[in-house]
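For the record, the sequence lines run as chains A and B. Under the numbering used here, the first sequence has 15 at position 15, and the numbering climbs by one with no breaks. Under the numbering used here, the second sequence has 50 at position 50, and the numbering climbs by one with no breaks.
Be aware that one or more of the hints could be misleading.
Said to hold, decoys possible - For the chain B half of the interface with chain A, some residues (derived, Cβ under 8 angstroms), not all of them:
1) G29
2) F90
3) K100
4) L101
5) F103
6) G104
7) G106
8) R108
Think of the hints as simulated: they come from the structure by calculation, not from any bench. All values reported here derive from a predicted model rather than from experimental measurement. Glycine is no exception: its CB is placed at the ideal position from the N, C-alpha and C atoms.
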Amino acid sequence: GPKVLQIPSHQIIDMGQMVTLNCDPVSNHLYFYWYKQILGQQMEFLVNFYNGKVMEKSKLFKDQFSVERPDGSYFTLKIQPTALEDSAVYFCASGRDWGGNYAEQFFGPGTRLTVL
Amino acid sequence: TQTVSQSDAHVTVFEGDSVELRCNYSYGGSIYLSWYIQHHGRGLQFLLKYYSGNPVVQGVNGFEAEFSKSDSSFHLRKASVHWSDSAVYFCAVRNNAGAKLTFGGGTRLTVRP
């Protein structure tokens, strides 16, 4: 099936540094998402993005977080500055449609972020 | 607010057994329900969905799920499991008005030979 790629698979950084997580979505998809999964906990929605804009965001999407997809390339999640509680696996997803019956989201393998 | 509950954190069965993974949700309006599978170290793979129509939906690899409005449930079933079905299974809901998925806590299925 359609594949979403995420780069890197693991990232270790010091608290306070900036990190950018990259997502290569399915080529004809227009809707993009980030989810966060802390070890042993359930996956939680962070943000979704369409046509250059954030459509929805959760309370987990702090002011230090930002997303963009410059020139149709990678969909990125930037955290600046990072905090210890940002350590988690971040999953990117993309979808063809927003709602209705055809809104399956296709997920990448995740980026494991460790903040020291 | 929509919530999803997966009552069993772990389920262990033998190869060839049938299995049911439970999912209950709370939401009052039109709803879209789905199941995903996550093998170790990999992303979530879509299994199946329910949006409307026949409450029993078929997915990949012999999985099916049944929607029950009266029970607020969307349980996943498979008649005969294989060792490769060992994974974590997530139930997710989305209200029809937006695309945010709300996930349950996941059920780890272990299939023993």
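Check: Which earlier hints can't be squared with this structure?
Finding: 1 and 8
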